[in-house]
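Participant: Sequences listed follow chains Y and U, in order. When the letters of the first sequence are read in order and numbered with the working numbering, they come out as residues 5 to 158. When the letters of the second sequence are read in order and numbered with the working numbering, they come out as residues 42 to 308.
Simulated from the structure, these hints should not be mistaken for lab results. Do not rely on the hints blindly, as some may be mistaken.
Said to hold, decoys possible - Examples of chain Y residues lying across from chain U (beta carbon under 10 angstroms, computed): (1) Ile10; (2) Met13; (3) Tyr39; (4) Ala40; (5) Tyr43; (6) Asn44; (7) Arg45; (8) Ala55; (9) Asp59; (10) Gly158.
What the hints assert, rightly or not - Covered by chain U, according to a simulated footprint, are these stretches of chain Y (three or more residues, beta-carbon under 8 angstroms): (11) 46-52; (12) 73-86; (13) 138-150.
Glycine is no exception: its CB is placed at the ideal position from the N, C-alpha and C atoms.
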Amino acid sequence: MRLNVIGRMARHMREDLLLSPIAGEERLGVAFVRYASSYNRSVVVLTEYRALPNDGYVELVSAPVSFDVRWFMAEAERAASVNAGVFLVHLHDHYGMPWFSPIDMRTNREVLLPISCVDHTLPTGALILSRDRGAAALAQAGRLVAVNVAEVPG
Amino acid sequence: MSDSRLAFLGAAGLAKIKSLRTAVVGAGGSGSHLVQQLAHLGVVSVIIIDPDWLERSNVNRVVMSHYGLVGQPKAELLQWRLRRLRSRLEPIVDSVESPDAIAALQQCDVCFGAVDHWGTRHLIEYFCRMAFVPLIDVGMQITPGRNADEPPIVSAGGQVVTSLPCGACFWCMEFLHDDLITRERTEYADGARALQQQVVSINGLLASQAITNMLGLFAGFAGAGGVTRYISYNALDQTMRPHPNLLGVGLDTCSHYRAEGAGWAVR
Numbered sequence: 005m006r007l008n009v010i011g012r013m014a015r016h017m018r019e020d021l022l023l024s025p026i027a028g029e030e031r032l033g034v035a036f037v038r039y040a041s042s043y044n045r046s047v048v049v050l051t052e053y054r055a056l057p058n059d060g061y062v063e064l065v066s067a068p069v070s071f072d073v074r075w076f077m078a079e080a081e082r083a084a085s086v087n088a089g090v091f092l093v094h095l096h097d098h099y100g101m102p103w104f105s106p107i108d109m110r111t112n113r114e115v116l117l118p119i120s121c122v123d124h125t126l127p128t129g130a131l132i133l134s135r136d137r138g139a140a141a142l143a144q145a146g147r148l149v150a151v152n153v154a155e156v157p158g
Numbered sequence: 042m043s044d045s046r047l048a049f050l051g052a053a054g055l056a057k058i059k060s061l062r063t064a065v066v067g068a069g070g071s072g073s074h075l076v077q078q079l080a081h082l083g084v085v086s087v088i089i090i091d092p093d094w095l096e097r098s099n100v101n102r103v104v105m106s107h108y109g110l111v112g113q114p115k116a117e118l119l120q121w122r123l124r125r126l127r128s129r130l131e132p133i134v135d136s137v138e139s140p141d142a143i144a145a146l147q148q149c150d151v152c153f154g155a156v157d158h159w160g161t162r163h164l165i166e167y168f169c170r171m172a173f174v175p176l177i178d179v180g181m182q183i184t185p186g187r188n189a190d191e192p193p194i195v196s197a198g199g200q201v202v203t204s205l206p207c208g209a210c211f212w213c214m215e216f217l218h219d220d221l222i223t224r225e226r227t228e229y230a231d232g233a234r235a236l237q238q239q240v241v242s243i244n245g246l247l248a249s250q251a252i253t254n255m256l257g258l259f260a261g262f263a264g265a266g267g268v269t270r271y272i273s274y275n276a277l278d279q280t281m282r283p284h285p286n287l288l289g290v291g292l293d294t295c296s297h298y299r300a301e302g303a304g305w306a307v308r
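The following block holds chain Y by itself, in its conformation from the complex:
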């Protein structure tokens, strides 16, 4: 699996996600994604990015997520209206290949996997960026599949 992200979109996401944290939490965003074509379910493209608004962050220690899931659901619905799926996006502030933390994986399992069951024809997953690389996971058939992130010239 491969996720293609245009270079300038990746720079925009990094600039946004590197802004100072809200309530001590990592900044988040949502990306709209689509499969490349009906012939190709192994390539997804990132078509839009939207930052989580400042009032969308929550401070609940026991919660699996640090954001208001209603916002994410609303974005997923908006994406579905244009036949796109959603990836939850955040950034770990280092260089080199990033990886999902145990907390991230809990969010992926408890939030993204259920959402992916609503419409399996739309890609649902998570994208994590570092300052120069990216990695992603796609929810597929009830499990998370690793996705290579390619930043393409443009």
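With chain Y's structure known, arrange chain U on it following the hints.
Facilitator: This is chain U only, laid out in the frame that chain Y set:
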């Protein structure tokens, strides 16, 4: 690995080039040069898409072909001839519109177009834009004189056009326009489509420029100005320069293919 290659591309640039998955649509005069150079550069894979078989009339311009290979699929003969290099060569003996070809080229890091038809160029760019795959198109045209009053060759040359995702497309740069496609369609319908004249030297020159554009994009030596998106070659005065159509074109935007519209939006 030779030191000269390392010095030119740098260690990081060379590693990036070697990791590239590439596709070449068209295994004829230009495409055969492209496949050869990609294999010599050592990219990880080259997908060669061409539905045609080698004809005797092709041998004068399809590099690495010979008369003993007439009747072989062009894509397969290139794979056979370059099999001892390290790149994985994968022929697809089918149209670029076939599901296998579309799926394959959309998994690439960069695609090269080396086809004769304007309509096919349009399709290749569309498939590439859907998947955010950079496309570098190579084409040549020779216009012979039509009568004794004209010189034997009125014009000869070609172009290398680079279409980056969400940047100026073939239509923005007016490399493609409706008249071209309509005229081509009419010529086919009337049976009046003339065979494109080709010559191995110009094919090779344009293909080399296209490969250099790829190196500029991925190994980053193109400088602050980046890769020139539309390069025009005039064989009569032996010049290669930015095409005048680039003047006034916003290279970072495209009104024909927007990022929000990429991918498979129809269910």
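Participant: Each hint: holds or not?
Facilitator: Status of each hint after checking the structure:
| no. | hint | result |
| --- | --- | --- |
| 1 | Ile10 | holds, 5 angstroms |
| 2 | Met13 | holds, 7 angstroms |
| 3 | Tyr39 | holds, 5 angstroms |
| 4 | Ala40 | holds, 4 angstroms |
| 5 | Tyr43 | holds, 4 angstroms |
| 6 | Asn44 | holds, 5 angstroms |
| 7 | Arg45 | holds, 9 angstroms |
| 8 | Ala55 | violated, 16 angstroms |
| 9 | Asp59 | violated, 25 angstroms |
| 10 | Gly158 | holds, 4 angstroms |
| 11 | 46-52 | holds (count 6) |
| 12 | 73-86 | violated (count 1) |
| 13 | 138-150 | violated (count 0) |
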